[in-house]
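Construct the entire structure; sequences and hints are all you get.
2 protein chains.
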Amino acid sequence: MFYRHTLPNGVTVLAELDAEAHSVAVGYFVRCGRRDEPEELAGVSHFLEHMAFKGDERYSAEDVNRVFDEIGAKYNAYTSHEQTVYYAAVLPEHLPIAVDLLSTLTRPILRDEEFELEKQVILEEIGMHDDQPGSVAYDALNEAHFAGHPLAGSILGSNESVGGLTIEAMRDYHATRYVGSNLILAVCGNADWDAVLKLAEEHASRAPSGETDRPLPEPAPRPTARAIHKPENAQETVMLAGNAPSNASPLRHAAELLSVIVGDDTGSRLFWELVDPGRCEACELSYTDFAGAGIYLTYLSCDPDRAAENVAAVREVFDAVNARGITAEELEQAKNKVASRIVLRSERPMGRLGSLGGNWQDRGEYKTVEDDLADLRRLTVHDLRDLLTKYPLEIVTTVGVGPLDTLEA
Amino acid sequence: MFYRHTLPNGVTVLAELDAEAHSVAVGYFVRCGRRDEPEELAGVSHFLEHMAFKGDERYSAEDVNRVFDEIGAKYNAYTSHEQTVYYAAVLPEHLPIAVDLLSTLTRPILRDEEFELEKQVILEEIGMHDDQPGSVAYDALNEAHFAGHPLAGSILGSNESVGGLTIEAMRDYHATRYVGSNLILAVCGNADWDAVLKLAEEHASRAPSGETDRPLPEPAPRPTARAIHKPENAQETVMLAGNAPSNASPLRHAAELLSVIVGDDTGSRLFWELVDPGRCEACELSYTDFAGAGIYLTYLSCDPDRAAENVAAVREVFDAVNARGITAEELEQAKNKVASRIVLRSERPMGRLGSLGGNWQDRGEYKTVEDDLADLRRLTVHDLRDLLTKYPLEIVTTVGVGPLDTLEA
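Protein chains in written order, with the UniProt record's numbering: chain A, 1 to 409; chain B, 1 to 409.
Treat each hint with caution, since some may be false.
Since the list can't tell identical chains apart, any single copy or any two copies may satisfy a pair.
[Claimed, not checked] Only pairs whose alpha carbons sit at most 27 Å apart, straight line, appear in this in silico DSSO-like list of lysine-lysine:
1) K74 with K367
2) K119 with K367
3) K230 with K335
4) K367 with K230
5) K230 with K390
6) K335 with K74
7) K198 with K390
8) K367 with K390
9) K390 with K335
10) K367 with K198
Read the hints as simulated data drawn from the structure, not as lab findings.
Encoded structure:
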C-alpha cells in the first residue's frame, strides 16, 4: 500500500507498507548534490554527508554509531550529482529510533574541531580517488562532456575547493539546501502509516521550511578527445560518452534496455565483440539519467596498443545498431535480465527504498514492482528503433587515462 | 511450507516454498570439502568447483555462462572445509533451466585441455592468496590449531598438491564424493513442490548412488605460537584460536551471541577496549562451528610494537568475561544485533537457501526464521555462563604475520 503526505514545512512523507515484511527500511532523500554547488564550494554536499554522522546537540558522533548499532541497524549514506541519501534498515520495533537518528543526521551541529578533522579525511579520499584510473577517467569525462554545465564537476570536489572550505560556508549551504521542500522521508516495509506520520511530525517537521531552485540547462557537448598521460599504468582506461534521454523522458526504459543489449558486462554486443575474444579486459556500456540530461557511458580497459582499434570496434558496433536496430531475440533476453534484476532487488524493503524515493524525487511518481515489470514487458523492437532515431549511439566525448599521450577524437 | 524427499539414488530434495515470493533460489549442497581430501590431493574440491563451470557433454563452458545469463540468473559457487555449494536465484519461470544447469555443474565432463588451463588459474589464485597477510595467517592458524586433524589444511591446496594433480585423480575423487547421499538439492521461494520433485527426478536422479565416509576425530590442539616473518609488511596481523562448541552442540547459539558481545566489529568488548581508543586497527572475535569441532577466532591488526601488549589486552578481556560473565544489557543488545541480521538475511529466497541447506547438512534439521529468533530470544545470562564454564575464552593457538620474527605463546 502506498501512502503520501506533505508536512507543513514542505517535507514529503512517502510509504510503501507491507505488513508481511520482516523489516522496515527508512531514508531521507535530500535534493542536494554536486550540481547544486557553486564552484568555490565544490564537494560541500559530500562533505556535509560526512559531517552528518558527527551528531547534533543531543547525540555525539559516538552516540550516533552506538545507537544505530544497538538496534542492529544496517545503515549508510551516499552523495551523487543530484541527491544525498541517508538510510537504514531495521526490525519494525526499532523504526522510531531509526527515524530519530536519521532526522538527526539532516541537522548536524557542525562542530569546528570535527570539521577540520573530517576535512583531512576527505582530502585523503580525494587522494585515493585520484590514484584510480577509472575515477580519474570518469571525472575527466564528465568535465569534458558537461563543460559549462552543472553536471560537470567531481562529487568529491578538489583539493583546492575542499581545502578552502569554511564551516560558515558549509552552514550557509546547509541552511539553503536542507529545507522542507528538498526533503523526502520514505519508509518501506513493515510499519503502520499512522505511526509513520507521527514519527514524521515529531522529527521531520523540525526541518526549516523553504524552497530552493535547481536550474536545468540543456547540456551542449561538443566532440572532444582528451588523453591523461599516466605512463606508470599498464592498461589504458578509455571512457566514451554520448547523449541519451533524461530522467523525464518516456524513452528512458528503452534506453536502459538498449544499454543491456549493447553493453552489459556479460552476453552483450560489446561483450561478444571485444571482451570474449580477449581484445580488451572490460568493455561495458551503461545508461545514466539525470534531470534534464542523460548519457550513454562506455568504459573500456585494454592494452594501450589496442586502444585505437578497440574504440573503432565500439564505433562499428554502435553504427550497426543504429543502422539495423536490435533483434527480437536480443530484446527478449535483455528483458529477462532486467526483469530478474528488478525482482531480485525488490524483495527486501531496503531494495524498494531507492525506487520509492528516487521515482518521487525525479518525477513525482509512484511505481510498484508490477508497474516496472509491465513498463519493461511492453517495450518492442519498434520502441528501440524510435529511441535510436532520437538518440543514436554515438561517441561525442572520449577520455583516456594511461600510457597513451594522445587519443583520436 | 517445508517439504522433503529422498530420491532412490540418495539425493535429498528440500524445499521451503512461499507462493508470495517473487523469485526462487536453488542450490546443490555437496558434502565435499578440504577435510575430505587426502594430502596428496589437497585443493581438489575447490579445483573441481572451478571445473564444474566448464560444462558437460551437452553444454560447453560458454554455454553454461550464456544460458545462466539469458535467464538473468544471479549464480555462483564456493568451497569450504566441509562443503561445495552451487547456487542460483532466478525468476520462478526459469527454475527448470536453473535446475538443469546446476545439475550439469555437479557432473562436469573434465576435459584435459581445460583442466590444464584451469590449473594455471588456481595456481595464480594461490599466489594472490599468499600475498595477503590475513589469508596467510588464517591458513597458518588452522595448520597449527588443527595439526594432524582433517580441518588443518588450506582450502586452495598448495602449489605442490595442485601442480601435481592429475585429471584421473580428480575424476576418481569426483566419483567418490559427488554421490547421491552426499548431495542436497534445496529450493527456496516461489515454486510448486510437485514441479520441484519432477525437476529433481529428471536431473538430480542422474547422480550415481553411493555413500562416503567422513571421519570426525576430535581435535586436540596444544598451545602453540608461531611468527611468520614478513619484514615488508607495515602492520602485524595476529590470529588467535581457542576451542568452541561444534555444530552439533546445543551451546552453539550461546557461542554465537558471546562472539558478538565480546568481538563484533562494532560496539563489542574488544572494540571498546582496543579499536575505539586506537590501540589497533582491527580486533574481532568470531565463532566458527564445524562437524565435531569449533573455534573462537580472534583477528588483530596493529603496529608490530604494540602486538604483545594488545594480545595481553585481549587475554585480559577474555579473563574478565570468564570470571564475571556478561551483563543482561550486553545480552539484550547482542540479541538485537543478531535478530536484525537473521531477519535481514532471510527476506529473500537467496538468503534462506544457505540456512535451509546448511541446517540439513549439519544436523538433519529444518528451522524457520521464527525458530531461529525463538532460539535466540530464549538465551539467558545463565546460558552464557554455562557456555563459559564448558568453553572458557582462551588463547590456545597464536599466529603472527608481519614484521615480528617471534611471538610469545
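Hints versus structure:
1. Both within a single protomer and between protomers do K74 and K367 lie at most 27 Å apart by alpha-carbon distance, with minima of 25 Å and 24 Å respectively.
2. Within a single copy, K119 and K367 get their C-alpha atoms no closer than 39 Å, and across copies no closer than 49 Å, so neither meets the 27 Å cut-off.
3. Proximity of K230 to K335 under the C-alpha cut-off of 27 Å is found in neither arrangement, the shortest distances being 40 Å within a copy and 51 Å between copies.
4. Proximity of K367 to K230 under the C-alpha cut-off of 27 Å is found in neither arrangement, the shortest distances being 45 Å within a copy and 56 Å between copies.
5. With identical chains, the CA atoms of K230 and K390 are never at most 27 Å apart, being 37 Å at best within one copy and 60 Å at best between copies.
6. In the homo-oligomer, the alpha carbons of K335 and K74 lie at most 27 Å apart only across protomers (15 Å), although the nearest pairing inside one protomer, at 31 Å, exceeds that limit.
7. In this assembly of identical chains, the alpha carbons of K198 and K390 never lie at most 27 Å apart, being 47 Å within a copy and 49 Å across copies at closest.
8. Taking the closest pair of Cα atoms, K367 and K390 come within 27 Å of each other only inside a single copy of the chain (26 Å); across copies the shortest separation is 55 Å, beyond that limit.
9. With identical chains, the CA atoms of K390 and K335 are at most 27 Å apart within one copy only, with a shortest distance of 21 Å there and 56 Å across copies.
10. Proximity of K367 and K198 under a CA criterion of 27 Å is satisfied intra-copy only: 25 Å inside one chain copy versus 37 Å between copies.
Violated hints for the displayed structure, listed by number in ascending order: 2, 3, 4, 5 and 7.
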